[in-house]
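Engineer: What follows is the residue order along each chain.
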Amino acid sequence: MKVRIEGREHEAVPGQTVAGVLLGAGMVSWRTTRGGGRPRGVFCGIGVCFDCLVVVNGIPDVRACQRLVRDGDDIRMQHGAELPS
Amino acid sequence: MSRAHRGAEPRDAMSRVVVVGGGPAGMAAARAAAKAGVDVVLIDAGAKLGGQYHRQDSRAGTERFGLPPGVEHLAESVVWALEPVPGGHRVHLRTGPADAPGRTGRSIDTPALVLATGAYDQVLPFPGWELPGVYTAGAAQALAKGQGVRVGERVLLAGTGPFLLPVARSLLAVGAEVAAVLEAGNPARWLARPAGLLAGAGKLGELAGHTAALARHRVPYRTRSAVVAAHGTDRVEAVTTTRLRPDWTEVPGSRRRLDVDAVCIGYGFTPQLELAVAAGCALDGGFVTVDSAQQTSVPGVLAAGELTGIGGAELAAAEGEVAGASAARRLGARPAPPVRALRAVRRGRRFAAALAAAHPVRAGWHGRLREDTLICRCEEVRYGELRDAVREREAYGGRALKLVTRAGLGLCQGRICGRVVAELTGELTGEPGQSAAFARRPIAAPIRLGELAESPSAHREPGAGPPRVAE
Amino acid sequence: MSPDVVVVGAGIIGAACAEALSAAGLRVTVLERGALASGTTAAGEGNVLVSDKAPGPELDLARASRRRWPRLLAALREELGPRAAETEWDPKGGLVVATTAEAVAPLAEFAAAQRTAGVRADRIDPARARDLEPHLTRQVTAAVHYPEDAQLQPVLAATTLLAAVRARGGEVRAGTTVTGVVRDAGDRVGGVRTDRGSLACGAVVNCCGPWAGSFAAAAGAPVTVLPRRGMILVTAPLPPDTVRRKVYDADYVGAVASGDAELQTSTVVESTRAGTVLIGSSRERVGFDGTVRVEVLRELARKAVALFPVLADVPVMRAYGGFRPYAPDHLPVIGADPRLPGLWHATGHEGAGIGLAAATGRLLADLFTGAAPELDPAPFRPDRPAVMSQAVISPAVISPAVTGPDGETAA
Chain F
1 MKVRIEGREH EAVPGQTVAG VLLGAGMVSW RTTRGGGRPR GVFCGIGVCF DCLVVVNGIP
61 DVRACQRLVR DGDDIRMQHG AELPS
Chain A
1 MSRAHRGAEP RDAMSRVVVV GGGPAGMAAA RAAAKAGVDV VLIDAGAKLG GQYHRQDSRA
61 GTERFGLPPG VEHLAESVVW ALEPVPGGHR VHLRTGPADA PGRTGRSIDT PALVLATGAY
121 DQVLPFPGWE LPGVYTAGAA QALAKGQGVR VGERVLLAGT GPFLLPVARS LLAVGAEVAA
181 VLEAGNPARW LARPAGLLAG AGKLGELAGH TAALARHRVP YRTRSAVVAA HGTDRVEAVT
241 TTRLRPDWTE VPGSRRRLDV DAVCIGYGFT PQLELAVAAG CALDGGFVTV DSAQQTSVPG
301 VLAAGELTGI GGAELAAAEG EVAGASAARR LGARPAPPVR ALRAVRRGRR FAAALAAAHP
361 VRAGWHGRLR EDTLICRCEE VRYGELRDAV REREAYGGRA LKLVTRAGLG LCQGRICGRV
421 VAELTGELTG EPGQSAAFAR RPIAAPIRLG ELAESPSAHR EPGAGPPRVA E
Chain D
1 MSPDVVVVGA GIIGAACAEA LSAAGLRVTV LERGALASGT TAAGEGNVLV SDKAPGPELD
61 LARASRRRWP RLLAALREEL GPRAAETEWD PKGGLVVATT AEAVAPLAEF AAAQRTAGVR
121 ADRIDPARAR DLEPHLTRQV TAAVHYPEDA QLQPVLAATT LLAAVRARGG EVRAGTTVTG
181 VVRDAGDRVG GVRTDRGSLA CGAVVNCCGP WAGSFAAAAG APVTVLPRRG MILVTAPLPP
241 DTVRRKVYDA DYVGAVASGD AELQTSTVVE STRAGTVLIG SSRERVGFDG TVRVEVLREL
301 ARKAVALFPV LADVPVMRAY GGFRPYAPDH LPVIGADPRL PGLWHATGHE GAGIGLAAAT
361 GRLLADLFTG AAPELDPAPF RPDRPAVMSQ AVISPAVISP AVTGPDGETA A
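Chains as they are written, first to last, in this note's numbering: chain F, 1 to 85; chain A, 1 to 471; chain D, 1 to 411.
Same shape as in the complex, but just chain F (with noise of 0.2 Å):
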């Protein structure tokens, strides 16, 4: 299956997590802090600390190390806080 970061096409598998998308694209931050701009990406791995939020098909605050990819989904980074389109 395909999957989109940041436009660009990517291949995926059944299973993967979001982040081990990111991580295998060798990506290690994909968000940016609402206060000092500054990079973050997994850190808890385990869904609790919420540092590794992204854009799922236009949808903001995802944590990327619990959701599981889907075929076409549209990732992109977060930076700072952003509203749903």
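Hints in this document: simulated from the structure, not taken from any laboratory.
Cβ coordinates follow ideal geometry from the N, Cα and C atoms, glycine included.
Be a bit skeptical, because a hint or two may be false.
Claimed, not checked - Selected chain D positions facing chain F (Cβ under 7 Å, derived; list incomplete):
1) A236
2) P237
3) L238
4) P239
5) G275
6) V310
7) D313
8) P315
Based on these hints, arrange chains A and D on the given structure of chain F.
Structural biologist: What follows is chains A and D alone, placed relative to chain F:
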């Protein structure tokens, strides 16, 4: 995404045991209750069973664990609220892709609720810990075992406790180089507690296996050592390590710089308390108090596994079995007393006590905090701000401190920083910190407002307008 | 040296009274059983409103308080420095909207009456309302803009006031429970008993909020002040300007004025400086029961999404509750207790204590020192029949032990 149908949430009658958590404790509880002849619902956030300990590769098309026919397994399901109802509790859950709007809502009433929500890594802040490339040990483990991903090519592990060893082994298994394992404590203390050692004989064998694997890969294992800073601009490029005194202050002149692209930290575990706290369960030392039947202080609520104390998978499974039998009894079943499990619990608790005694967190780490070291990652609250709030505004009560500093008010709701803030505040005020104040989270997991707005009866007020307006 | 006045309770009302008394030159000690500003104050949204009040004594107090807050904060910035006096004061204005045809006329009437009383209440058309709040629902049928409404962060405000008390030589002691009042030979207040010993003083001010009834009873001068529970939902941080003002549905006014229903909710949506959006608020008369009811949360969510459709896909990360103190006639209780000379009360502000605190502190201090008060204190007298003749203390009120010091049970 689809939101075409936001219909009624089915509500089950009060006829089943509900188990929250699909790790060793939860699975054992579900099996034991089912074996006693009662119906069970097992709710777990994961796509597959096993929890953190038995993390399965979610990409594999196989399921390693089986559950008996009387158990309904609700995967990818999170309990976001718990409320008391006559004769038991109502469990509110959502099933579907994590954090997606429009997941399926459901609420289940149960006279016997087994909480087996587990624990997560405790991390002690240090300068640079917010850089990408710094992970919890559990993250490295989950990504390696669950996704086949290595968090770095050259990885340093640091913290305290035996859990660092299996994580190092998992990292090796996915092809990472483990630069070193730094243990802040001194495991020689184990030898001082023969009773605990004996109780954990099986566990020790497992640890010996890990140690041998590390030796084969020539991974240095250094005691009384820690990471004191991570360096890099947008990601970790290097760390500074140090030797520690027994109180965890630094041995002067022992700092070393080490090039790594990932650091994994674990200073023991924090239990996932929100549901237990929402139910009103009594706590002791930060863990849920249970009796020998795994009953909490709240009738109809049982707890098993790391919620009641950190003791590993075997103890968790034994507690789960006892809890499952107790839960079945509340539904009128008469299972035989789980004698072997009860014995395993007693033995396991001795081991857990020895484990806790052997790996205390010492306050010397406070000295490595700098003015600008982040304490709360979500709200980017720095140590200096926390200290000033306590000193200048005398703000230290749970909610007041949070509101003055914003520490613990971000999306993680103090799950990561709560214990640390309580500990640091305690030091600053000379009064014991209130970490339980951070575990009070009536919304136990985030829920989209539109999901919350759905009524179980799908009733909408006349004149309130449609729930969404196309803009 | 013993203090002139002991203020019991370090919430916003206690802090404001203590500040005003110390400004009048009195030696003040504030005693608080829990942590500072961690009860009702910490559960508040920080409203400084004139928009939600009908003409009458409470609106007079609210207007006086709205005038006083910015002056007081400016003076405290001068006295304490900008950092210690930071309160996130934001004169953001309020917007009340009707979303049904039926609500148009009552809202217009209400606003007209407020204008007569001196409130700025500007009727604006729905299109203008959406200019002010771009994410507002298209269902708006009428709107009134209240430019005087403001917001501050209540814990910062209370701790700032208490810092001023300390700076003037007063004392603030947290973790000290006042268990009763010591009477002197003349049957006047001679001191307080606490769990850490007795303290002599000339007067005591009861600023115990929802627990004021139980404190008054312990002092031997019962008043009827009851708790009314409120719940608030908090979203994840959102971009600035998602919600700019305090926005509420016109039904809010009815809920505040009513004392009948066991549960009322009305939509109140506002952002905080931290980016979160607060969604309130419910009013439940359930004693000090801290149990969270999911149906209450649903009701809040439903109404907020109706008002701001964009919020439907935004995560709620927290819900919290608190207890508002109210008197049966829904007016604050401010003044001397004639039954026990030296005992004073300042409580019963229900959901408006943050806003009303500035004028309450001043009024109490004026009455205390014999200065001419800025407004008529008569409607707030503690010895009015609603407060004293019905001084029946329900079991829930006399057992505050069921709640923690921060006003919430472990649930």
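Engineer: Now look at each hint and say whether the structure bears it out.
Structural biologist: Verification of the supplied hints:
1. A236: holds, 5 Å
2. P237: For P237(D), the interface hint holds, since the closest Cβ of chain F sits about 4 Å away, which is under 7 Å.
3. L238: holds, 5 Å
4. P239: Constraint on P239(D) satisfied, holds at 5 Å.
5. G275: Result: holds, 5 Å to nearest chain F Cβ.
6. V310: holds, 6 Å
7. D313: holds, 4 Å
8. P315: holds, 5 Å
Of the numbered hints stated above, none is contradicted by the structure.
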